[in-house]
Amino acid sequence: MKLIVCQFLCFAILSAAAVADDALGGAKPPVPDMSLKRDWQYKRVHQLALRYILLGRLDEADSFLHDYLKEHPDDAETYYMLGVLAGQRGELDQGSGYLEKAVELGLPPGRIVAGPREVMQPLAETAFVKQQMSHFAKTVVHGPLVGEVTDTSASIWVRTGVPSSVTVKLTQTGLKDRPKATWRKEAETSANSDFTGVYQLHGLTPDTRYQYQVVIDGNETEASIDQYFRTMPAVGTPSKFSLAFGGGAGYVPENERMWDTIDSLGPRLMLLLGDNVYIDDPESPVMQQYTYQRRQSRPEWRRLTAHTPTFTIWDDHDFSVNDSWGGPHVDVPRWKFDYSWPIFQQNWANPRYESGNRPGCWYTFNVGDVDFVMLDCRYYRTDPEGDAPTMLGPVQLAWLKQTLQGLSGTFKVICSSVPFDYRTKGDSLDTWNGYKSERDEIFNFITENKIEGVLLMSADRHRSDAWRIDRAGTYPLYEFNSSRLTNQHVHETMEKAGAIFSYNAKQSFGLVEFDTTADDPTVKYTVINIDGERVDDLTVQRSELN
Numbered sequence: 001m002k003l004i005v006c007q008f009l010c011f012a013i014l015s016a017a018a019v020a021d022d023a024l025g026g027a028k029p030p031v032p033d034m035s036l037k038r039d040w041q042y043k044r045v046h047q048l049a050l051r052y053i054l055l056g057r058l059d060e061a062d063s064f065l066h067d068y069l070k071e072h073p074d075d076a077e078t079y080y081m082l083g084v085l086a087g088q089r090g091e092l093d094q095g096s097g098y099l100e101k102a103v104e105l106g107l108p109p110g111r112i113v114a115g116p117r118e119v120m121q122p123l124a125e126t127a128f129v130k131q132q133m134s135h136f137a138k139t140v141v142h143g144p145l146v147g148e149v150t151d152t153s154a155s156i157w158v159r160t161g162v163p164s165s166v167t168v169k170l171t172q173t174g175l176k177d178r179p180k181a182t183w184r185k186e187a188e189t190s191a192n193s194d195f196t197g198v199y200q201l202h203g204l205t206p207d208t209r210y211q212y213q214v215v216i217d218g219n220e221t222e223a224s225i226d227q228y229f230r231t232m233p234a235v236g237t238p239s240k241f242s243l244a245f246g247g248g249a250g251y252v253p254e255n256e257r258m259w260d261t262i263d264s265l266g267p268r269l270m271l272l273l274g275d276n277v278y279i280d281d282p283e284s285p286v287m288q289q290y291t292y293q294r295r296q297s298r299p300e301w302r303r304l305t306a307h308t309p310t311f312t313i314w315d316d317h318d319f320s321v322n323d324s325w326g327g328p329h330v331d332v333p334r335w336k337f338d339y340s341w342p343i344f345q346q347n348w349a350n351p352r353y354e355s356g357n358r359p360g361c362w363y364t365f366n367v368g369d370v371d372f373v374m375l376d377c378r379y380y381r382t383d384p385e386g387d388a389p390t391m392l393g394p395v396q397l398a399w400l401k402q403t404l405q406g407l408s409g410t411f412k413v414i415c416s417s418v419p420f421d422y423r424t425k426g427d428s429l430d431t432w433n434g435y436k437s438e439r440d441e442i443f444n445f446i447t448e449n450k451i452e453g454v455l456l457m458s459a460d461r462h463r464s465d466a467w468r469i470d471r472a473g474t475y476p477l478y479e480f481n482s483s484r485l486t487n488q489h490v491h492e493t494m495e496k497a498g499a500i501f502s503y504n505a506k507q508s509f510g511l512v513e514f515d516t517t518a519d520d521p522t523v524k525y526t527v528i529n530i531d532g533e534r535v536d537d538l539t540v541q542r543s544e545l546n
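With the working numbering, letter number 376 in the sequence shown gets 376, and the count goes up by one each step, no holes.
Among the clues, some could well be false.
Label-pair restraints from in silico Cβ distances [said to hold, decoys possible]: (1) A518 / S165: 44 to 50 Å; (2) R303 / P163: 26 to 32 Å; (3) S165 / P476: 52 to 58 Å; (4) A23 / K506: 40 to 46 Å; (5) E188 / A23: 36 to 42 Å; (6) H489 / L429: 18 to 24 Å.
DSS-like, lysine-lysine: derived pairs with alpha carbons at most 30 Å apart [claimed, not checked]: (7) K138 / K185; (8) K401 / K524; (9) K506 / K450; (10) K101 / K185; (11) K506 / K240; (12) K169 / K240; (13) K70 / K436; (14) K240 / K130; (15) K240 / K524; (16) K240 / K436; (17) K524 / K496; (18) K436 / K450; (19) K436 / K496; (20) K401 / K240; (21) K506 / K496; (22) K101 / K138.
Honestly, the hints are just simulated from the structure, not real lab data.
For each residue, glycine too, the CB sits at the ideal point set by N, CA and C.
Turn these sequences into a full structure, and let the hints guide you.
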């Protein structure tokens, strides 16, 4: 660890002088991808309207929203945004009426409370908004979401409507001959964290189910969804479990049922590997908050994440804009340090980031005897056409090598937000295709140090694929790639490029089933679409990865 810190400090000192020559510090300019053009992908429609509002171009926002409403007269999100617009114009009665209409059409009422507060403030004293604020003063607005769960601990995330004292209480279930054991964790929420909090509970028993309850200012909230989780098997213990993974989860109401489809299969955990919400506006905290909040309000999402441990990393559309790189510096450009990173942290309950006090969403965790390594492929990425481009940056790369050397799991899963296989995106430099020397360095390190059992998982491409990366003189690396959880936009299939299989007909995710109890442990990757149909699958035996 001392070596990594030293490398970081040396790199920072040597590179600091370059900042003066480039206000962005080597990052891609953060011009919002959607710009100010009409885009009828649902995930973009109301973001564009909000951008008009934030720029003070209220008439253009009005025209755009009413044009959309002509084609979609019952769209709740459009009425919500019309309410925000009316508030900015000082038309408070009309704004309140639009918000009421939005809720009548199915908008979760927690959206009225969550905000974003900055644009909802003009409507704060209207009777309807005050009514919602009063209701949500005693219950959660968003969540509860189960984040990191280990064999002996768990983290629960919530958002409240007002500054609150929040307690999470756990009860161990299934006890017959002794009193119920309980655990509790209390902390405050405040405006500084957008009224979110993460509650970590320790001293739990491996592979055990717990019920939990959220208490706000002494008021026990009613659980309208199943609030429980199961701790992971003890570290190093052979086990059978499944996980769901994917990316490409733009907000599309008709596709939010995907979260129920995943829930119906009961995965032990879920990995979201980037493009989780599609913000594409790194300089606007309001846009970032808005984009997170509309997903967090969905009942399908809340049902799944109330009992499914969820681990996340980000990709370009969550971090900055399409195909972006953040540059080598910690706090240049300022938006990545001041907005993107803290807001990402506020909206998830991941394990402790291995970047320490520095930004960067890289970390490891275990499920029994399976190790997971999560990478940050954006914060310190440099221009792929520059000199000696890096996707990870020197500190994360050193950490990755050190981490891989210390892993002992039967399978070791490296998770990247972009594909490792060069064939996945043609000649694009946004995947590891643009960082070949660094990928070679990682793969060679695995070979030279005789690290066995490595698998790759990734997202980014709007389809679900399986790939095999053959390597001279050693075992192949299999890559499971999936990134069309809810997106409308789709990418072409890649069988002609050499994929083992490739699916894009419907939204889909990957179900990955591990069995390390067998004499020859296995991992099975199955593509399942939004309707619950099993499409393709691939089984890899541990003996293939020696």
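Evaluation of the provided hints:
1. A518 / S165: 44 to 50 Å: holds (48 Å)
2. R303 / P163: 26 to 32 Å: With Cβ atoms ~27 Å apart, the hint holds.
3. S165 / P476: 52 to 58 Å: holds (53 Å)
4. A23 / K506: 40 to 46 Å: holds (44 Å)
5. E188 / A23: 36 to 42 Å: With Cβ atoms ~37 Å apart, the hint holds.
6. H489 / L429: 18 to 24 Å: Given a distance of about 20 Å, which is inside 18 to 24 Å, the answer is holds.
7. K138 / K185: holds (18 Å)
8. K401 / K524: holds (26 Å)
9. K506 / K450: Violated, at roughly 39 Å.
10. K101 / K185: violated (38 Å)
11. K506 / K240: At roughly 28 Å apart (the allowed maximum being 30 Å), K240 and K506 satisfy the hint.
12. K169 / K240: holds (28 Å)
13. K70 / K436: violated (49 Å)
14. K240 / K130: Violated, because 49 Å separates the two Cα atoms, which is more than 30 Å.
15. K240 / K524: Holds, at roughly 11 Å.
16. K240 / K436: violated (35 Å)
17. K524 / K496: holds (23 Å)
18. K436 / K450: holds (21 Å)
19. K436 / K496: Distance ~22 Å between K436 and K496 Cα, so the pair holds.
20. K401 / K240: holds (28 Å)
21. K506 / K496: This hinted pair holds, its Cα atoms lying about 20 Å apart.
22. K101 / K138: Roughly 24 Å between the alpha carbons, so the hint for K101 and K138 holds.
Violated hints, in rising order: 9, 10, 13, 14 and 16; the structure is consistent with all others.
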